[in-house]
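Using the sequences plus the hints, can you model the full thing?
Okay, so the sequence shown: first residue is 1 according to full-length UniProt numbering, each after it adds one.
In case anyone wonders, no lab produced these hints; they're calculated from the structure. Quick reminder that beta carbons are idealized off the backbone N, C-alpha and C, glycines included. Please note: incorrect hints may appear among the correct ones.
Restraint-style ranges between C-beta atoms, simulated for each label pair [said to hold, decoys possible]:
| # | residue 1 | residue 2 | range |
| --- | --- | --- | --- |
| 1 | G87 | H162 | 35 to 41 Å |
| 2 | Y123 | K148 | 23 to 29 Å |
| 3 | L145 | D94 | 24 to 30 Å |
| 4 | N227 | H59 | 16 to 22 Å |
| 5 | K148 | N35 | 30 to 36 Å |
DSS-like mimics (lysine-lysine), calculated; alpha carbons at most 27 Å apart, straight line [stated by the list, open to error]:
| # | residue 1 | residue 2 |
| --- | --- | --- |
| 6 | K146 | K54 |
| 7 | K71 | K14 |
| 8 | K253 | K238 |
| 9 | K8 | K54 |
| 10 | K8 | K196 |
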Amino acid sequence: MKAGGFVKPGCQIKFGSLDVPYPFGIILEWKKGPNCSMDNWFGITCNSSTNLPKAFFHHSNIEIFDISDTKLRIGNYMAERCYNQSGYIYRATDPFINLGGTSTFSDANVLTVVGCNDYGNIYQAKDDLLPKGYNTTCHNAEEVLKHKCSGTGCCQVSVNVHKYFDISLNSYDNHTSNMSYSPCGYAFYGEKNAFKFGGFSDLNDTAFVNKTIATIPIVLDWVIAENITCAQASQDSKSYACRYNNSQCIDIKPGRIFGGYRCSCKQGNEGNPYLSPGSKDKLVVVLAIAD
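Right under this line is the structure:
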């Protein structure tokens, strides 16, 4: 299935640059019409009141950037601590995200800490601190190198979280030893391959927070239903999502996701496996386009 290619009849296929394929669907509060998503957990609400249209999960204020067959990319959140010359905090934020529905955080994400002499911690549930801390050091500005995120000015580490996290950020010396080039510290959880550390310039970039939030998504894995196998789901023909022609069920084993299942087209077919009449032979599709 190519994301964005198939929706239920009468439903909107696109919002801004976002393709919205079924089982996801756009919910228009002001318009009566078909139920465009499989259920409310897959519903997407659109906001056109800003210059850049934004899409959100219907059940939360989490912004959605991209939808694919297996993953979602959502907006990011930043932990920040900024200090004045006396070492007192004058700006602080502490992000947390609590996912609903059938999505979990992907192992494509890492915790990143940017700053000098900062340490960040991530919690996978309230008061449930993961067993490691992550810190940065800086002895001088010349040590901070572009594209190097291994401890000096920047560090990254894989973290196993599922549906919830919050981040705490603190400093060993409140940035008093490097105030001239690093007045703030930052920590965020997001797609590893999307972030390129800018080195010294990132440490005193007043636009770092907004720039990072806009360009580094959080990656989610999604399934149709959690904690159920294909064999179990197929026992209920009405709710079974892979019941259409040339659709096959894929078991997602417990891991970062809690287990569950998704559907895909059988080999040699394409289309949306979640919608009637199901996937079609690729040759038939090509001939139909040619005609």
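A quick look at each hint next to the structure:
no.	hint	in the structure
1	G87 to H162: 35 to 41 Å	holds, 36 Å
2	Y123 to K148: 23 to 29 Å	holds, 28 Å
3	L145 to D94: 24 to 30 Å	holds, 29 Å
4	N227 to H59: 16 to 22 Å	holds, 19 Å
5	K148 to N35: 30 to 36 Å	violated, 50 Å
6	K146 to K54	violated, 32 Å
7	K71 to K14	holds, 17 Å
8	K253 to K238	holds, 23 Å
9	K8 to K54	holds, 22 Å
10	K8 to K196	violated, 39 Å
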